Every structure is written in structure tokens, then in C-alpha cells.
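Note that the protein sequences, when read in sequence, are chains R and H. Using this note's numbering, the letters of the first sequence map in sequence onto residues 103 to 472. Using this note's numbering, the letters of the second sequence map in sequence onto residues 8 to 594.
Think of the hints as simulated: they come from the structure by calculation, not from any bench. There could be a bad hint or two in this list.
Unchecked claim - Footprint (simulated), chain R over chain H, 3 or more residues, beta carbon under 8 Å:
hint : segment
1    : 129-137
2    : 208-218
3    : 279-286
What the hints assert, rightly or not - Restraint-style ranges between C-beta atoms, simulated for each label pair:
hint : chain 1 : residue 1 : chain 2 : residue 2 : range
4    : H       : 71        : R       : 444       : 49 to 59 Å
5    : R       : 378       : H       : 131       : 52 to 62 Å
6    : H       : 19        : R       : 409       : 47 to 57 Å
7    : R       : 409       : H       : 73        : 34 to 44 Å
8    : H       : 178       : R       : 368       : 25 to 35 Å
9    : R       : 114       : H       : 205       : 28 to 38 Å
Just so it is clear, the structure is predicted and the values come from calculations on it, not from any experiment. Yeah, the Cβ is synthetic: ideal placement off N, Cα and C, and Gly gets one too.
Chain residues, written in single-letter form:
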Amino acid sequence: MTKITYKVLLIIVLALFCIGCSNFFVKDNKPKTIQDNSVQNNKEMSSLSDVKDFKSITQGIIGDISSQGENIVLLREDDIDIDSQEKEEDTTYNLSLYNLKEEKIYNIISSPINLFLNRLDATEEGVYFLENKEESLFQLYWFSINDNKKVRISSTEHQVNPSFYVKSNNEVYYGTKDGKIIRANERNILRIIDIGSDYNIFQIYFFENRDLILFSAYKDQVLSLYSMNSRGEDFKEVLSNINGSFNVSKKEDKVLYTAPITDSNKSILWLFELDEEDKDIKLLEGYPQRAVFSPKGDRIAYLDKPDSNSDLLNIWVLYLENQEKKQIGSNLKITSELFWHPKENRLFFSAYESRDNKLQSQVYSLDFED
Amino acid sequence: MKLSIQNKIILSNILVIVLALVIIATIVIQGMLFFNVEQVERRLINSSNDSNLFIQQFILSQQNGNQTNIDIFKDNATFLAEELAKFISRTQLYDQSAKLLADSSTSDILTSEEIRDEVEIAINQGEKAYVITKLEEGRFIYFASPIIIENQQLGVLSFLYSLEDVDALINKSVVLFIIVGILGLFILYFISFYLSKLILKPVYSLVTTSKEISEGNYDKHIDYVSSDEIGELTLSFNQMVINIKEKVHEAQSEKQKLESVLSSIEDGVIAVDNDRNILAINEPAKKIFNIMGKIDLNKDIFAHEFMEELFLDIVKEKNGIYKEVIMDNKYLLIYTNIILVDNIEIGYIFVIRDISKIRELEEKQRQFISSVSHELRTPLTTIIGYSDLLERRGLSNAELVEKSITSIKKEGERLLRLVDDLLGLSKTNTMEFELIKSQFDITQLLEDVVSQMRLKGKRYNNEIQFTSTELPKINGDYDRLKQVLINVMDNAIKYSFPRDIIQVYTESTGNYVEIFVRDFGAGIGKNDLDRVFEPFYQVDKVRSTNLGGSGLGLAIAKDIVDNHGGSITIESQINEGTLVIIKLPVS
Numbered sequence: 103m104t105k106i107t108y109k110v111l112l113i114i115v116l117a118l119f120c121i122g123c124s125n126f127f128v129k130d131n132k133p134k135t136i137q138d139n140s141v142q143n144n145k146e147m148s149s150l151s152d153v154k155d156f157k158s159i160t161q162g163i164i165g166d167i168s169s170q171g172e173n174i175v176l177l178r179e180d181d182i183d184i185d186s187q188e189k190e191e192d193t194t195y196n197l198s199l200y201n202l203k204e205e206k207i208y209n210i211i212s213s214p215i216n217l218f219l220n221r222l223d224a225t226e227e228g229v230y231f232l233e234n235k236e237e238s239l240f241q242l243y244w245f246s247i248n249d250n251k252k253v254r255i256s257s258t259e260h261q262v263n264p265s266f267y268v269k270s271n272n273e274v275y276y277g278t279k280d281g282k283i284i285r286a287n288e289r290n291i292l293r294i295i296d297i298g299s300d301y302n303i304f305q306i307y308f309f310e311n312r313d314l315i316l317f318s319a320y321k322d323q324v325l326s327l328y329s330m331n332s333r334g335e336d337f338k339e340v341l342s343n344i345n346g347s348f349n350v351s352k353k354e355d356k357v358l359y360t361a362p363i364t365d366s367n368k369s370i371l372w373l374f375e376l377d378e379e380d381k382d383i384k385l386l387e388g389y390p391q392r393a394v395f396s397p398k399g400d401r402i403a404y405l406d407k408p409d410s411n412s413d414l415l416n417i418w419v420l421y422l423e424n425q426e427k428k429q430i431g432s433n434l435k436i437t438s439e440l441f442w443h444p445k446e447n448r449l450f451f452s453a454y455e456s457r458d459n460k461l462q463s464q465v466y467s468l469d470f471e472d
Numbered sequence: 008m009k010l011s012i013q014n015k016i017i018l019s020n021i022l023v024i025v026l027a028l029v030i031i032a033t034i035v036i037q038g039m040l041f042f043n044v045e046q047v048e049r050r051l052i053n054s055s056n057d058s059n060l061f062i063q064q065f066i067l068s069q070q071n072g073n074q075t076n077i078d079i080f081k082d083n084a085t086f087l088a089e090e091l092a093k094f095i096s097r098t099q100l101y102d103q104s105a106k107l108l109a110d111s112s113t114s115d116i117l118t119s120e121e122i123r124d125e126v127e128i129a130i131n132q133g134e135k136a137y138v139i140t141k142l143e144e145g146r147f148i149y150f151a152s153p154i155i156i157e158n159q160q161l162g163v164l165s166f167l168y169s170l171e172d173v174d175a176l177i178n179k180s181v182v183l184f185i186i187v188g189i190l191g192l193f194i195l196y197f198i199s200f201y202l203s204k205l206i207l208k209p210v211y212s213l214v215t216t217s218k219e220i221s222e223g224n225y226d227k228h229i230d231y232v233s234s235d236e237i238g239e240l241t242l243s244f245n246q247m248v249i250n251i252k253e254k255v256h257e258a259q260s261e262k263q264k265l266e267s268v269l270s271s272i273e274d275g276v277i278a279v280d281n282d283r284n285i286l287a288i289n290e291p292a293k294k295i296f297n298i299m300g301k302i303d304l305n306k307d308i309f310a311h312e313f314m315e316e317l318f319l320d321i322v323k324e325k326n327g328i329y330k331e332v333i334m335d336n337k338y339l340l341i342y343t344n345i346i347l348v349d350n351i352e353i354g355y356i357f358v359i360r361d362i363s364k365i366r367e368l369e370e371k372q373r374q375f376i377s378s379v380s381h382e383l384r385t386p387l388t389t390i391i392g393y394s395d396l397l398e399r400r401g402l403s404n405a406e407l408v409e410k411s412i413t414s415i416k417k418e419g420e421r422l423l424r425l426v427d428d429l430l431g432l433s434k435t436n437t438m439e440f441e442l443i444k445s446q447f448d449i450t451q452l453l454e455d456v457v458s459q460m461r462l463k464g465k466r467y468n469n470e471i472q473f474t475s476t477e478l479p480k481i482n483g484d485y486d487r488l489k490q491v492l493i494n495v496m497d498n499a500i501k502y503s504f505p506r507d508i509i510q511v512y513t514e515s516t517g518n519y520v521e522i523f524v525r526d527f528g529a530g531i532g533k534n535d536l537d538r539v540f541e542p543f544y545q546v547d548k549v550r551s552t553n554l555g556g557s558g559l560g561l562a563i564a565k566d567i568v569d570n571h572g573g574s575i576t577i578e579s580q581i582n583e584g585t586l587v588i589i590k591l592p593v594s
């Protein structure tokens, strides 16, 4: 009896060994049809029929859109040769205004110095922008479109970070690498709030109705969200360890931010409601970046990588009401932030495109159905 | 091949582990295969969706009103294939007639010109599909997805995705499992060996102890205290050994008692079973059959013909049988019967009684009666003869009358002495012979007897010399011992020659007093020496009869001395004389 048992066991072992080495569940040379409903998650459904139009408007990197959506501010520079991948000497940076209706471009400034982060001022008759003379050194300027006048806003002794906020009264808040938040206008510095030299100010937003400055800053190499009033009082840490930029809704009741996942290169996109304490809503997990509220605040447009190794980006829209997501853009080398048209279902952004063997940044308009 | 229990445990452990390992490996590998393919499938689906959107946004960006979407798609298929290949893998674009429009790869893996199954499904059914194919270069997934722009299917997008990474992972996993399995088995073998040895240690101890106990060593026990099953087993085993030891001691004790009982019986007892194996035998039986050392029934007992016959008889008769036999000049009375236990015949018993002495006694009695008859007849014959003579011849012959009367008187007195001696002898052998003991001085007695016997000795010209020493008092019957001394000295006078000296002297040897009577007469031969204490035995019958002896004197003397706890011995040589030694215990 014992011998038979051992033999049976041995046969079972050998049989399992043979099975283990071959594909049991996945058969070769047998076609498998994939039912769309069975494999796709409704929330991640790519709505191919929702994209109405996708077109390149003009060359350049979009920096801002006017409040009525007629004009966009963009930066244009000389084309990059794909083969050499180096910029030509004597590059000219052109700050321009593009009229969407007329489909015409108007140059505002041409500068040999690299220009960044251009924003229309509150009157939309001027543009705030950063000039980068030396590496990591920026200066904030304001340019009057009508007067064709360029004014330096930031002090030369300030190590300005490439981030500023334009108030409704046309004042501007900008931050420095050594922990200063400065309020200024085109005439002079109005107030300097010194947080501390160990803070490297990254992004600033000012809630005018709340008298609240919300800003992100690096401290000990960790980016966190802080708040204080306009006089620098009630300083407190709002959120610790975030990554990238944050975005505030037009109604100034919600904030979007991303936070890294520990021991992972993925992040989570969170929704923070300002009037409800401890109510952070997890929107999605992946590689979300540059999330931006729609004008009504009911949707979010954001970018996400197809996979962790890709340098291309997909464009998604998330509906806050039911948390449904739609992909509306695929595998694009997006070089700018996303800008919602104030009134239409349209997004503007810039992406690289190879044209005539040259890599150009093009401004795209993406129309989609709701 | 016989396996020890330890080897069975080790082999079982190894087989179980191997089985478990193979099952786990199968599940893991099949799971990995399945989930990896599923993951790839999901990735390809997502990539196909991305790609479709990409194609759509490209077509939209290229729309100029002059070309249809299909035209834009076909014209830019190569560009699109190259761009799409950057997303995931080699990409092919087909139109709705399954014509290959573009291929992102320059290598030519596919040689078949037939429409692939998954492409056909995508074209005809508008569904995504894939096939896993094994090629020389490895396994590939051929994935196809319809390209739908503005609800119009323009063609098919196909990805050729290598499962090289998956296969490599699976192969490495298999190798790892095998290496780990082999290593694990080695380690398992040694651990299993050690542990099984540890676990089986009390079992081995049990085996060794059992052997020792089977050889009779009931003092052994196993030292293993544990609450597991083996602990319970050893506990029970130890208790069992104690019980066995008690039972064995009980049985041995009973056996010893039985042997003692049997040995205390004077008769020999032999018990055998139905197969003639010995059940019991006592010492008297061994003595009868001269058995020393180990008993071999067939050689020592049943070699005797009478025993063999008896055995066969009892087996046949099944009833008690008596038989008298003569063996080695011994008279044996043998009783045999069957042994029953709960009415079941288990063997046979032989009881052997040595009746030689009884037969000897009977012979002696016969001889005694014969001697008595003869002794009585002799004087009676003389008395009757002379009486008859007187009756026939009358009283006329005075000489004859005197002679006859003298002879009749003499024979009558002789008859009376004989009767007295017979009575005296009979009393010593019966309960009537009661010694009236008292403490007295033996020297005094000797002086008394010597004085009396000197008178008789004078008649036969024999001088009795008495040398007395200081002797302790003895506890005895004064009259009976006097009779003994008179008989002994009387014999000394009878068998001495005229003018011979008779010496009487004494010695004290601690607990005994010895009386020596030495004559220098004819002496007694060796053959007669052994029989002088027999009733009626006379060395010189004629001489003894002439001197008035009946042949009972020494027999009576011996009985009296024996009853005092002493002894009487005779040393003698022909023509040298005789020494009688009487030994009496001191008071």
C-alpha cells in the first residue's frame, strides 16, 4: 500500500511539473476577442467621439488667456532644429498676443533674453512676465501694451522665483528663493513679508476676499502649502509634502493639488475644500499634473502619462459631480499649462510638433463635447 | 526494499514538500503567465485607445476640407505608425480591406501574407482581438484594434508586442523554483533526519527496552515524559512492565510454592503435557531416576520401559493406574492419572513411591517370624520329644526321667527368656516403650553393672577391668541403660576366650559420654558386622545358643540407645576381638 501511495504521489508531482512548464490558461495560436465592456473601466473610458476639433492655432507657448477668451498671450521663439537639438545663437524671444477671432498674432515684446510665465494683468492692457538673464535668476517685469512701456517690478536684490500672482487691482505678489513674499505694483514695492531664508517660495495665490495668501514653498527640500494673511500674520502650514503646482477654483472655494505616494513615483490628485476642514477628496492616482479647474469649477482638466516611463502626456477631463473621467488628448509633448476657454468647451495648450524637420511648439485648441 | 520508519518519515516529508513545491510553483507560474498576459492585454487596450485618440487628433489637425479622414489616414500612415510605435511596440496600420498601409519596423518577422485572425476580427467585427504566437524569436502578442474616427472605421491598428520579458521572467522563476527546491530538499533531508531521530528516540528506546524485557529484565523502564502520544505510550508501556513484573513474580512465587510443595512430598512427582513436555518434576523424582542437571524426559524418564508402557496405558485408559516395578534394586509403586483443567485434558501425572524399605521391612518381618517360629519350635520340639519319651517309656527309667525333666526345664526356661526378649523387643518398637528419664551418674551405673557382670565373668574365667573417669551426668532411663550395658558385657563374656580380659572405660567428649567395652575374643567378620544389630542374628549361633542367647540382645540395646539420642557402634576383627562404643548425650 505504501509503495502504491509513493508511486501515485510521484506521478502527480511529475504531471504537475509538466503542467507548470506549459501555458495552461493562456493558449497559443488561439485568437481572443476583447469585449469593450468587459475590459474597460467606465471611469477611464476614452471618449473618441467627444473630440470635436483638434487644431494647431499658431506657433508658440501659451501663457495666458483673456477673461473673455478673445486673446491668448504666448511666447514665441526661434525654431529648434531636430537634428542639432540646439538653439541657434542670437535667439529672439517674442512675447505676443494672438486674437482667436481674427486669427492674427501681434508681437508685444521681442527680447534676446529668455522670457517666462507671461500673464495678462487685471486690466488686460498689460502683461506681467519674467525675464531670465542668468541661470535661475529671474526678474519680474510689467509691460503696458498700450504705452509700449516696460517696467521692472522686482528688486534686483531679490532672487525671484518663476511664480507670481496678479491681483485684481493690478498689484502683484511674487516670491523669492530666500523666503520673501513681496507685494508690488508697477511703481514700487509695497510690502515685503519675510518668512525665513530656509523657505524657497514656489507658487503664490492671494484670496482677496479672505485676505489670505496661499503659497507653496520648499523647506528642507520638501514642498508644502502654507497660508498667512497679507500682513504676514497667522502663518501656518496647510499641507505638507505636495508636488508641482496647485490650482484654485474661480469661486475660490476649492484647491487642487498633487501629493506623492510614498515609495512610489506615482502621485494622487487631491481636492481640498477651503471651507470644510479635513475634507480632502482623493480624485485619482497616477501621474497627474497641471490640473486646472474649469471656469465653472465643475470640471478639472489635467495631464497624465500613459505610463511611468513615457515623456508624452494625455489630456483628461474629470467631472467633479460623478468623478467620471474622459481622455481627450493622447500622447502629446505638452509644454505649457492647460487653459480653459472662459465660455466654451475648449482647452488651449502648447505642445511640440515636428515640422519640416524642426521641433516647434504649437498652440493647440481642443474642442470637445461635454 | 525495506524502509525503516525513520526513512519512511524522511521520504514522506520529502515527497510532501516536493508536491507542495510543485503545486505552488505550478500555481505561481500559471498565475504569473495569466496575470502578465492580462496586464499586457490591458496595456495594449489602453495603448490602442490612446493610439486611436492620437490618430483622431492628428486627422482633425490635418483636416483642410479637401481630404476625407480615410485619405488623411492613408497618406500619413507611415508617420502615424512610427509615432504610434513610440507608445508601445511595433505598429502596423491596415485599411479596411486588410491591406498593410504602414509598418513601424524594418525587420521582417512576419512572412505570412495571409490575413491574420485578429486583424480579420477587428475588420469584420469591429472588436479588439489578439493572438499569442510562438516564433523563433520568442512569443509575441499580435493585437488588433479597429480605428474609429467620428463613428467611421478607417482601418485597423495592430501592435506586435514581444512577450520576451514575460517569458524571461517565467523561465527565471522556474529556474529559481528548481534551485530553491533542490536546495530546500537538501536542507529538508538533514532537518527531517535530525527531527525524525529526535521524535523516534523514545520509540527506539521502546524497542530496546522491549527486547530487554523479553529477555527477562523486568526492572527496565523508559524515561520519556511528554504529553504527546508517544509519551502516553511509554507511560502505558512502563505500567505494563510493572504489571508484568508483578505477575511474573507472582507466577514465580506460585511456581516456587508448588515446587516446594512437590519437593516436600517424599514421593516422586512427574507431570507432563500431552506432547510429553515436562510440566513439573520434584527432587524425590529426580533422585529416584538419578537425574542430575538438565532433564531430558525421553532419556531420563521414558527410556525406562515401564514408564513408556505406563504412559501409553494412561493415554489409552484415561483412568488412574497403579503399577509396581523394580528399578536398580528399588521397589517402586507408580500411580499415574490424567491432569484435567476445566475438564480439559492437559497432561499426565506420575506419582512414584519408593517402597523398597516397606518390602525390606516385610522381608525382615517374614524373616523375624520365621526366626521366631524356628526359635520357638526348637525348644518346643525338645520339650515335646522328652514328654513323648516319658509318656512312652513311663517313669520307670529314673535316669531318663531326670534327664528328660532337666532338658524340659532347660528348654522351658530358654523358651521363657525368648518370650521375654521378644516382648522387650516389641516394646521398643511400640508406643509402650516409654523412657523414664532422670539425671544420674553414669559412672555409678557402670560400677553397678560391672560388679554384677564380674560374677558371671568369674564363671568363665574372664576378668572385667573398669577404668572410671569423672563424667558429667546424663539424662536417661537408668534401668533401660543398665539392660544395654548388661547385654553388651554379656556378649563380651560370651565371645571371649577363657582367661581373656574384658576392658570397660569411658570418655567425655563435650556433649557426649562414650562407654567402651573391649574384648579380646574371636572377633566378628566384616560380613557379620553389618548385621549384628538385626533381631535373631547370631554370629556364632551354636555358641550363642549354648550360652543361652536369643539373638535379640544387641537389637534391644540399639533401640534403647537410639531412643536416648545416642549411638552404638561395633569395631571388630577376626581373632582380634571386638570394641563396642556406646555414645550417650550429656544432660
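Quiz item: Are residue 71(H) and residue 444(R) spaced within 49 to 59 Å by their CB atoms?
Solution: 28 Å Cβ-Cβ, so the 49 to 59 Å window is violated.
Quiz prompt | Given coverage of the segment 208-218 of chain H by chain R, tested with a Cβ cutoff of 8 Å and a minimum of 3 residues | solution = violated (count 0)
Self-check item: C-beta pair residue 19(H), residue 409(R): status relative to the range 47 to 57 Å that was hinted
Solution: 49 Å, holds
Practice problem: Go check the segment 129-137 of chain H versus chain R for me, would you? Three or more residues, Cβ under 8 Å, otherwise it fails. | Solution: holds (count 5)
Quiz item: Is the distance from the Cβ of residue 409(R) to the Cβ of residue 73(H) consistent with 34 to 44 Å?
Solution: Holds - the Cβ-Cβ distance for residue 409(R) and residue 73(H), about 37 Å, lies within 34 to 44 Å.
Practice problem: Mind checking the hinted window 28 to 38 Å against the Cβ distance between residue 114(R) and residue 205(H)? | Solution: 30 Å, holds
Quiz item: Per the hint of 52 to 62 Å, is the separation of the Cβ atoms of residue 378(R) and residue 131(H) within bounds?
Solution: 54 Å, holds
Quiz prompt | Distance restraint evaluation - residue 178(H), residue 368(R), Cβ atoms, bounds 25 to 35 Å | solution = 29 Å, holds
Self-check item: Coverage of the segment 279-286 of chain H by chain R, judged on three or more residues with CB within 8 Å
Solution: violated (count 0)
Of the numbered hints given earlier, the model fails hints 2, 3, 4; all others are met.
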